[in-house]
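Here the protein sequences line up with chains D and P, keeping their order. Oh and the first sequence: position 194 is 194 in our numbering, straight run, nothing missing. Oh and the second sequence: position 288 is 288 in our numbering, straight run, nothing missing.
Hints are not guaranteed to be accurate.
[Stated by the list, open to error] One-sided and incomplete, this derived list gives chain P residues near chain D with beta-carbon spacing under 10 Å:
{"#": "1", "residue": "His35"}
{"#": "2", "residue": "Glu36"}
{"#": "3", "residue": "Ala37"}
{"#": "4", "residue": "Pro42"}
{"#": "5", "residue": "Tyr48"}
{"#": "6", "residue": "Trp51"}
{"#": "7", "residue": "Pro54"}
{"#": "8", "residue": "Gly57"}
{"#": "9", "residue": "Val59"}
{"#": "10", "residue": "Glu62"}
{"#": "11", "residue": "Gly64"}
{"#": "12", "residue": "Gly253"}
[Unchecked claim] Derived DSS-like pairs (lysine-lysine); straight-line CA-CA distance at most 25 Å:
{"#": "13", "chain 1": "D", "residue 1": "Lys150", "chain 2": "D", "residue 2": "Lys135"}
{"#": "14", "chain 1": "P", "residue 1": "Lys86", "chain 2": "D", "residue 2": "Lys150"}
{"#": "15", "chain 1": "P", "residue 1": "Lys218", "chain 2": "D", "residue 2": "Lys163"}
{"#": "16", "chain 1": "D", "residue 1": "Lys150", "chain 2": "D", "residue 2": "Lys93"}
{"#": "17", "chain 1": "P", "residue 1": "Lys46", "chain 2": "D", "residue 2": "Lys147"}
{"#": "18", "chain 1": "P", "residue 1": "Lys93", "chain 2": "D", "residue 2": "Lys152"}
{"#": "19", "chain 1": "D", "residue 1": "Lys138", "chain 2": "P", "residue 2": "Lys46"}
{"#": "20", "chain 1": "P", "residue 1": "Lys252", "chain 2": "D", "residue 2": "Lys135"}
{"#": "21", "chain 1": "D", "residue 1": "Lys163", "chain 2": "D", "residue 2": "Lys138"}
{"#": "22", "chain 1": "D", "residue 1": "Lys163", "chain 2": "D", "residue 2": "Lys147"}
What the hints contain is simulated information worked out from the structure, not anything from laboratory work. We treat Cβ as the ideally placed atom computed from N, Cα and C, and that holds for glycine.
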Amino acid sequence: MKTNKILAAIFTSTLLLWGVSPAFAGDVTGSVSFTGTAPAQETLNMGADPTCASAHSGPVYSESVVVNDNGTLKNVFVYVKQGLEGQNFPAPKEAVAFDQSGCHYTPHVLGVQVGQPVEIRNSDATLHNVHSLAKNSKEFNLGMPIKGMKLKKTFDKEEVMVKVKCDVHPWMNAYIGVLTHPFYGISGDDGSFMIKGLPAGTYTLEAWHETYGTQTQEVTVGADGSAEVSFSFAG
Amino acid sequence: MQQSENKKSGLYFFTFFLAGLTLLLIMAGGLVTSHEAGLSVPDWPKSYGQWMPPMVGNVFWEHGHRMIAGSVGILTLVLTLWIQLKETRVWIKKIMWFGMLAVVLQAVLGGLTVIYLLPPPISISHACLAQTFFCLLVALAFYLSPQGIDVHFNYATGLDSENHRKLYRLFLVNTGIIYAQLILGATVRHTGEAVSFHILGATLVVLHSFLAISRVSKAGQIHPFVFRVSMGLGLVIILQIFLGISALVYTKGLPRGYAPLPAEVLLTSAHQTLGAAILGASLLLTLMLAKGLDKK
């Protein structure tokens with residue numbers, strides 16, 4: 001009787017481990033296409049701060065809609081919205097880098113786990129303020145007047161997305177996806193994204209774009225550990 | 001006696017100048033809101049830990065507003081002390097202490113709105129207290145003017161007691177309606193809500209103001225200065241209607257870029273500043289018509 005209980009416990013633990021172990025996890029890859037006419041990117045006027053203006057030799061454009069040369073859409077945040085309920089994913093200790101460089105936020109869209117630090121850096125020889133408009137976590141507004149200055153902040157609640165802006169330079173804004181898990185990807189210069197190490201199972205993915213809103217679709221990660229999805233936003 | 005009158009005249013011009021500077025400060029505050037620059041300086045009372053930060057980007061508007069506010073604060077202290085030393089009317093001395101208190105409270109509200117990231121109740125209170133302080137200076141400038149000092153001076157000698165009283169009441173109510181409308185305007189500015197109430201309020205202000213102005217024009221033997229101020233009030237209200245409609249089109253009707261358009265900034269700030277000027281003009285008319293009432 002006691003042996004049976006031990007065997008049952010081992011069996012249950014093994015099943016649970018299957019659910020989250022990287023050995024039984026796969027990568028979701030995909031791309032975000034764009035249809036229709038790409039809107040003209042707004043030219044930024046940085047004349048109000050000579051340091052910002054001198055950081056660029058040519059015109060600088062808004063990143064609110066960036067359509068890549070191959071007809072795909074950049075800066076789309078794709079993440080697992082449903083399917084991971086009840087599972088815990090400890091927040092990584094390593095910080096996510098978030099820089100102010102050339103009076104731009106780099107990257108423009110990023111993801112972070114609840115409790116994971118975001119290291120905010122000022123690489124510019126001018127002052128910035130970093131104003132988080134978080135609704136679920138505490139809103140903050142930090143002054144970063146010195147070049148090379150670094151600050152670390154964490155978010156304590158899930159939120160897609162937290163807008164961050166600089167009130168000194170109104171063209172500067174960025175978006176942070178705060179999740180309870182690490183399963184997200186962001187479309188890059190070729191429109192592709194990758195969500196790494198997702199355990200086998202069926203999930204709802206959501207793709208978020210700051211101008212075009214959200215889309216969802218289901219994806220199943222099989223035992224072989226891979227899946228492919230594609231999203232399409234219309235202009 | 002002559003020397004004393006000269007000193008009082010100096011006090012009047014100083015108060016008049018401070019009222020003008022306060023109107024400029026209200027405009028500077030409006031420019032901060034219109035540029036969405038309220039949080040461009042995240043600390044208070046210093047700016048980025050300095051008394052004089054680099055005036056780059058929106059820091060120019062926020063720190064510029066703080067500099068003008070600091071000047072108004074110092075000059076208000078000077079005026080308070082001056083009035084305590086030279087003015088003989090006790091009630092004016094008391095009112096000036098309220099003015100000084102209002103400036104201190106206004107600075108605290110300004111600080112709180114920065115530290116607590118623009119909570120609408122504090123931002124709206126900050127905007128309304130600015131208008132109240134401006135009204136207080138308009139009233140003080142009036143009572144320190146030669147006509148304000150002269151207890152026998154009457155702006156409505158040609159009117160009988162009943163019509164004089166009616167006209168005074170009309171402008172008293174008008175000033176109250178305009179003040180309420182400015183509270184609604186501040187709510188629109190700091191929350192984006194209550195636009196329809198603000199439009200309704202504007203309609204009421206226009207109708208009531210023109211009723212009051214028409215009564216002045218029909219009053220016949222009234223002091224020409226009252227006539228001129230009321231006609232000026234009418235013209236400024238017409239301009240304000242156009243500014244209000246244009247500001248509404250720009251803020252609610254046109255697509256937004258990464259920052260407000262210069263025309264939007266200009267229209268919204270001018271609309272707000274002109275609102276204060278209208279309130280001041282209506283209050284001045286009320287105070288002028290209040291003189292001599294008890295003697296009829």
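Here is how each hint holds up against the structure:
1. His35: 8 Å, holds
2. Glu36: 7 Å, holds
3. Ala37: 6 Å, holds
4. Pro42: 4 Å, holds
5. Tyr48: 4 Å, holds
6. Trp51: With a closest approach of 13 Å, the Trp51/P hint is violated.
7. Pro54: For Pro54/P, the interface hint holds, since the closest Cβ of chain D sits about 6 Å away, which is under 10 Å.
8. Gly57: 4 Å, holds
9. Val59: 6 Å, holds
10. Glu62: At 8 Å from the nearest chain D Cβ, Glu62/P passes the 10 Å test, so the hint holds.
11. Gly64: 13 Å, violated
12. Gly253: 19 Å, violated
13. Lys150/D - Lys135/D: With Cα atoms ~24 Å apart, Lys150/D and Lys135/D stay inside 25 Å; holds.
14. Lys86/P - Lys150/D: Between Lys86/P and Lys150/D the Cα gap is close to 55 Å, so the pair fails against 25 Å, i.e. violated.
15. Lys218/P - Lys163/D: Answer violated: Lys218/P to Lys163/D is near 58 Å, above 25 Å.
16. Lys150/D - Lys93/D: Holds, because 17 Å separates the two Cα atoms, which is no more than 25 Å.
17. Lys46/P - Lys147/D: 19 Å, holds
18. Lys93/P - Lys152/D: Not satisfied, since the Cα-Cα distance of roughly 52 Å exceeds 25 Å.
19. Lys138/D - Lys46/P: 23 Å, holds
20. Lys252/P - Lys135/D: With a Cα-Cα distance of about 24 Å, the restraint between Lys252/P and Lys135/D holds, given a limit of 25 Å.
21. Lys163/D - Lys138/D: OK: Lys163/D and Lys138/D at ~13 Å, within 25 Å.
22. Lys163/D - Lys147/D: 23 Å, holds
Hints 6, 11, 12, 14, 15, 18, counting from the list given before, are not met by this structure.
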